[in-house]
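The number in our numbering is simply the position in the sequence shown, starting from 1, with 266 added.
Since the hints were derived computationally from the structure, they do not count as laboratory data.
Yeah, the Cβ is synthetic: ideal placement off N, Cα and C, and Gly gets one too.
Take the hints with a grain of salt, since some may be wrong.
To be verified - Restraint ranges, calculated between C-beta atoms of paired labels, are given here:
#	residue 1	residue 2	range
1	337	295	43 to 51 Å
2	281	342	27 to 35 Å
3	314	344	25 to 33 Å
4	270	329	32 to 40 Å
5	340	296	20 to 28 Å
6	348	315	24 to 32 Å
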Amino acid sequence: MKTTARFVDRVITNSQDTLDQVHAYFGRLGAEPQGIVAHLGHDTARPNSDDLPHTLPPPQPYFVAIGTIEPRKNIPFLLDLWD
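Using the sequences and the hints given, assemble the complete structure.
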């Protein structure tokens with residue numbers, strides 16, 4: 267963050283709260299880059315149930331974890347918990 271504060275002209279964050287925290291931190295460093303909030307968005311898919319495979323949803327219980335597989339997300343723990 268210190269390097270960012272030294273070299274950037276503008277910061278893009280995903281929420282106003284994050285931008286407020288960045289400005290507060292940068293202010294303590296004597297930097298004041300402009301900021302903009304770019305909310306993460308998505309369009310909700312509305313699938314036609316006739317187009318889905320007949321195996322969906324599966325008859326047995328299931329869970330979904332969305333994202334990259336990284337150690338900090340502790341996917342093995344989720345699998346052990348589910349088991």
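For each hint, the structure was consulted:
1. 337 <-> 295: 43 to 51 Å: Cβ of residue 337 to Cβ of residue 295: about 30 Å, so the range 43 to 51 Å is violated.
2. 281 <-> 342: 27 to 35 Å: The hinted range 27 to 35 Å holds for residue 281 and residue 342, with Cβ atoms some 30 Å apart.
3. 314 <-> 344: 25 to 33 Å: holds, 31 Å
4. 270 <-> 329: 32 to 40 Å: For residue 329 against residue 270, whose Cβ atoms are near 36 Å apart, the range 32 to 40 Å holds.
5. 340 <-> 296: 20 to 28 Å: violated, 38 Å
6. 348 <-> 315: 24 to 32 Å: holds, 26 Å
Violated hints, listed in ascending order, are 1, 5; each of the other numbered hints is respected by the structure.
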